[in-house]
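Place chain B on chain A using the hints.
Chains as they are written, first to last, in the working numbering: chain A, 10 to 103; chain B, 24 to 517.
No lab work stands behind these hints, which were simulated from the structure alone. Each hint should be verified, as a subset may be incorrect.
Said to hold, decoys possible - Partial list, computed: chain A residues near chain B (C-beta under 8 Å): (1) Thr11; (2) Leu77; (3) Ala86; (4) Arg100.
What the hints assert, rightly or not - Straight-line Cα separation of at most 30 Å, DSBU-like style, residue types lysine-lysine; simulated pairs: (5) Lys326/B <-> Lys434/B; (6) Lys434/B <-> Lys364/B; (7) Lys36/A <-> Lys364/B; (8) Lys410/B <-> Lys31/A; (9) Lys36/A <-> Lys351/B.
Unchecked claim - According to the in silico footprint, chain A covers these stretches of chain B (three or more CB under 8 Å from chain A): (10) 44-57; (11) 116-126; (12) 222-228; (13) 335-348; (14) 387-394.
For glycine and all other residues, C-beta sits at the position ideal for the given N, C-alpha and C.
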Amino acid sequence: LTIADVERIAALAHLELTPDEKQVFTKQLADILSYAEQLQAIDTTGVAAMAHVNAHEAERDDQLRPCLPVEDALRNAPDGAPEAGLFRVPRVIG
Amino acid sequence: MSARSKGARAIAGDIAAGRVSAVDVCREALDHIERVNPSLNAFNLVSSDRALERAANVDRLRASGVPLGPLAGVPLAVKDNMCVRGMRTTASSRILDTFVPPYDATTIVKLEEAGAVIVGKTNCDEFAMGSSNENSAYGPVRNPWASERTPGGSSGGSAAAVAAACVPLALGSDTGGSIRQPASFCGVTGLKPTYGRVSRYGLLAFASSLDQIGPITRNVGDAALALSVLAGPDPMDSTASREAVPDFMAALDGNVRGIRIGVPRAFVSEGVDASVLSAFDASLDVLRAAGATLVDIDLPYAKYAIPVYYLVCTAEASSNLARYDGVKYGYRSPEATRGLKAMYEKSRDEGFGPEVKRRIMLGTYVLSAGYYDAFYLKAQQVRTLLKQDYDRAFQSVDLVVMPTSPTPPFKLGEKTDDPLQMYLADIFTVSVNLVGLPGISVPCGFVDAPRAGGTDRLPIGLQFVGRMFDETTVLRVADAFERNTGWSRETPEV
Chain A
10 LTIADVERIA ALAHLELTPD EKQVFTKQLA DILSYAEQLQ AIDTTGVAAM
60 AHVNAHEAER DDQLRPCLPV EDALRNAPDG APEAGLFRVP RVIG
Chain B
24 MSARSKGARA IAGDIAAGRV SAVDVCREAL DHIERVNPSL NAFNLVSSDR
74 ALERAANVDR LRASGVPLGP LAGVPLAVKD NMCVRGMRTT ASSRILDTFV
124 PPYDATTIVK LEEAGAVIVG KTNCDEFAMG SSNENSAYGP VRNPWASERT
174 PGGSSGGSAA AVAAACVPLA LGSDTGGSIR QPASFCGVTG LKPTYGRVSR
224 YGLLAFASSL DQIGPITRNV GDAALALSVL AGPDPMDSTA SREAVPDFMA
274 ALDGNVRGIR IGVPRAFVSE GVDASVLSAF DASLDVLRAA GATLVDIDLP
324 YAKYAIPVYY LVCTAEASSN LARYDGVKYG YRSPEATRGL KAMYEKSRDE
374 GFGPEVKRRI MLGTYVLSAG YYDAFYLKAQ QVRTLLKQDY DRAFQSVDLV
424 VMPTSPTPPF KLGEKTDDPL QMYLADIFTV SVNLVGLPGI SVPCGFVDAP
474 RAGGTDRLPI GLQFVGRMFD ETTVLRVADA FERNTGWSRE TPEV
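Here chain A stands alone, though its shape is the one from the complex:
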């Protein structure tokens, strides 16, 4: 794992890491991944992947029900525009 890998992952994860963080994470993530390498020795031929233990039927009817009022949803926004019912964000296009 190189610093370049860490920078690529940080970009995917929307994290602007400091130079110090990049150094530390490069070593720590390499340690953890090398520890996880032990799984490669296990024969998993034909073994199904398990993403979830849930066995029961989780579907329900798609029915309209009350949801959070807009003013409540906007109350925690760092830059809300309640009069317009919107979240404000920095400029997206040039």
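Quick look at chain B alone, frame taken from chain A:
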């Protein structure tokens, strides 16, 4: 005997019978929190006014002859990663420092309907990621038994609050041991219900296929009562099970005759502290003497649970925590002026602490193109093998017993420089989450440890793991164990 040192059922009973008022119980709890919290740091927030108001309401209801709920007037502490409407909820993260939830978690609705009185939000590892409570933006919690040691994590504040007799009941969440391990470290009882037994609606998600809410209490009976209140389906959480909810209290008859308990001896030998092994063996003698049958079992894939867990939980976390982006709630960097993407990146870097960033990075990596098959998919396959281990074991036994943690509470700062060492401390708890099983930690002994100017008594925990949705057997045996030992009655001097 003051209300403070009693359990939840005893307090509710006293209030219902008019021996004490809910307001007096509440005031006593708040006074005690005010006294001990400066040294423990167990609470991120104490909601005195709201609590006294709710307690007064319980007293009014009683005076007017309205039947009270099973937890009426019982002081309750809530881990700070569960939403309480109008009460600041931070997940001990800077990124949610100012977040005030506009709705209640389902667990909160149910406990308040049962009459419980929330006295505050408890400190925890940031977004429940950690095993020592040292990853909190508001500083570590101290262990009530040994102030230089961790209370465990991530529900360290909840466990410390119960151990220090601030409250008889606290909510925790358990993704890889975060209820059971701090319960073990603090000498109290911590129950992780079966995955899906309790609604997760309003729990700030960490790893959605593993997270489960449960009670931390002073005894097994209180955990059973709390689970009766918490359990059941919820239209707001499609993973909350429609499985019938039995009368958990009815199982607590002290009878374990004929129950077969599996001991994974090979798994419980490597890397376990001598004091834990000795308390574990003594506990097996207690169970045998009470009439249970002990059976050796093998869980050959259990030793891989740590790598599987840290690949699965970080992958899920990297996805769940994408929502914290400085737009809808939480922290936005004041320097975020260079466009949207820069705003996301800067806010997240400044808002998240090191362990959360480390896990987001690891999870993003194992899900990224070229690594998904080798890491994430492989981990999910071994997760299946782990489930088959437990399925096989449960063909011949009703319950599995293990230590909760391989060590007694470790020192603050002991493992913070080496994340992998911290992860290894979760060896006995994570497999239970990966497979979805119910598990409980109960106190099973103490070990003396020297410190400057004296000796600390460090609690040790015993873990029982049951079949899916068989909390009944877990609680029955844990309760019988408690009856046959005195460990749960021990309290620290704080």
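Status of the hints after comparison with the structure:
1. Thr11: This interface hint is violated because 12 Å lies over the 8 Å limit.
2. Leu77: Constraint on Leu77/A satisfied, holds at 6 Å.
3. Ala86: holds, 6 Å
4. Arg100: holds, 6 Å
5. Lys326/B <-> Lys434/B: Within the cut-off at roughly 25 Å; holds.
6. Lys434/B <-> Lys364/B: violated, 40 Å
7. Lys36/A <-> Lys364/B: Holds, because 27 Å separates the two Cα atoms, which is no more than 30 Å.
8. Lys410/B <-> Lys31/A: violated, 37 Å
9. Lys36/A <-> Lys351/B: violated, 34 Å
10. 44-57: violated (count 0)
11. 116-126: With 5 residues close enough to chain A, the hint holds.
12. 222-228: violated (count 0)
13. 335-348: This one holds; 3 residues, not fewer than the three required, reach chain A with a Cβ under 8 Å.
14. 387-394: Held - the segment 387-394 of chain B has 3 residues with a Cβ nearer than 8 Å to chain A, which meets the minimum of three.
The structure fails hints 1, 6, 8, 9, 10, 12 (numbered hints given earlier, in ascending order).
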